Amino acid sequence: DTAVSQTPKYLVTQMGNDKSIKCEQNLGHDTMYWYKQDSKKFLKIMFSYNNKELIINETVPNRFSPKSPDKAHLNLHINSLELGDSAVYFCASSPHLSRNTGELFFGEGSRLTVL
Amino acid sequence: AQKVTQAQTEISVVEKEDVTLDCVYETRDTTYYLFWYKQPPSGELVFLIRRNSFDEQNEISGRYSWNFQKSTSSFNFTITASQVVDSAVYFCALSEYNNNDMRFGAGTRLTVKP
Chain A
1 DTAVSQTPKY LVTQMGNDKS IKCEQNLGHD TMYWYKQDSK KFLKIMFSYN
51 NKELIINETV PNRFSPKSPD KAHLNLHINS LELGDSAVYF CASSPHLSRN
101 TGELFFGEGS RLTVL
Chain B
1 AQKVTQAQTE ISVVEKEDVT LDCVYETRDT TYYLFWYKQP PSGELVFLIR
51 RNSFDEQNEI SGRYSWNFQK STSSFNFTIT ASQVVDSAVY FCALSEYNNN
101 DMRFGAGTRL TVKP
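Here the protein sequences come in this chain order: A and B. Quick note on numbering: this note's numbering labels position 43 of the first sequence as 43, and the sequence is numbered without any gaps. Quick note on numbering: this note's numbering labels position 45 of the second sequence as 45, and the sequence is numbered without any gaps.
With the rest of the complex left out, here is chain A:
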C-alpha cells in the first residue's frame, strides 16, 4: 500500500487552464505539505497543513490554493496556469509535532508541464 499517493503523476496542459493535483496519505499523520521542485531541482516548501489548518504559506502566488477536506488529504488547485508553473510537485506528510522526528514522507511527485 502506498503511504503518500499523488494523482495524477503527469499532467500536461495549456497556459490559462485550471488544474488540480490530489494527495492522500494513509499513515494517520496530522501534517501535510506541498513542495515544488523547479527545473534546477531546487525543492521549496509551498504550504503546510496541520489537521486541516494552514500553518505554513510561503510566498506563493494566490493562483495556488491548497484544500484539505480532512487530515488525510491535501489537494493543490492552480488557477490560470503559467509557463513558470511547470515543475514537479511533491506532497508529503509527517506525524504530529509531539511525535515529531522531523522526517517527512514523500509522495512520488506530480510532473506538471504547461505549454
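Worth flagging that the hints you see were computed from the coordinates, not collected in a lab. Owing to the predicted nature of the structure, the values given are computational and were not obtained by experimental measurement. Just so it is clear, CB atoms sit at the ideal spot from N, CA and C, and this is done for glycine as well. Warning: the hint list may mix true and false statements.
Here are the simulated distance ranges between beta carbons [stated by the list, open to error]:
#, chain 1, residue 1, chain 2, residue 2, range
1, B, THR30, A, ILE56, 20 to 30 Å
2, B, PHE47, A, SER65, 43 to 53 Å
3, B, ASP18, A, GLU53, 44 to 54 Å
4, A, LYS44, B, LEU48, 14 to 24 Å
5, B, ARG28, A, SER39, 28 to 38 Å
Dock chain B against chain A, hints included.
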C-alpha cells in the same frame, strides 16, 4: 528560518572512487534533525538517513557514511567505492523540532562513470 547549503552543484567520479558530498546548515534551534535524501533519475525522493542534534555519532551503512559535526555545522555524506547506480541528485535537509518545516539544500548532482 533554517538554511541548508550544499556548495557542490555537480560532482563526477569514476566507479570505485570515494566521494564526499558536503552539507552546511544554519539554525537557531538547539533541537533539530538533519537528513539526506537521494533522488535518482526516476524522480522519487528516497530517504537515506536522519540524525538528531543530540547525536553526533558518525554512522555507517554499507558503502554510505555520514559525518555530523556540530562545531562546524556540517553533515557530510561519503560514498565509498562508488557505483554507477549511485548516480543521482542528493539533498541535505534540516527540520527544526518546534516546527514542521523541512528545508532543503540545493542538491548535489553526482555522476558515477563506469
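How the hints compare with the structure:
no.: 1; hint: THR30(B) to ILE56(A): 20 to 30 Å; in the structure: holds, 21 Å
no.: 2; hint: PHE47(B) to SER65(A): 43 to 53 Å; in the structure: violated, 29 Å
no.: 3; hint: ASP18(B) to GLU53(A): 44 to 54 Å; in the structure: holds, 46 Å
no.: 4; hint: LYS44(A) to LEU48(B): 14 to 24 Å; in the structure: holds, 20 Å
no.: 5; hint: ARG28(B) to SER39(A): 28 to 38 Å; in the structure: holds, 32 Å
Hint 2 alone, counting from the list given before, is not met by this structure.
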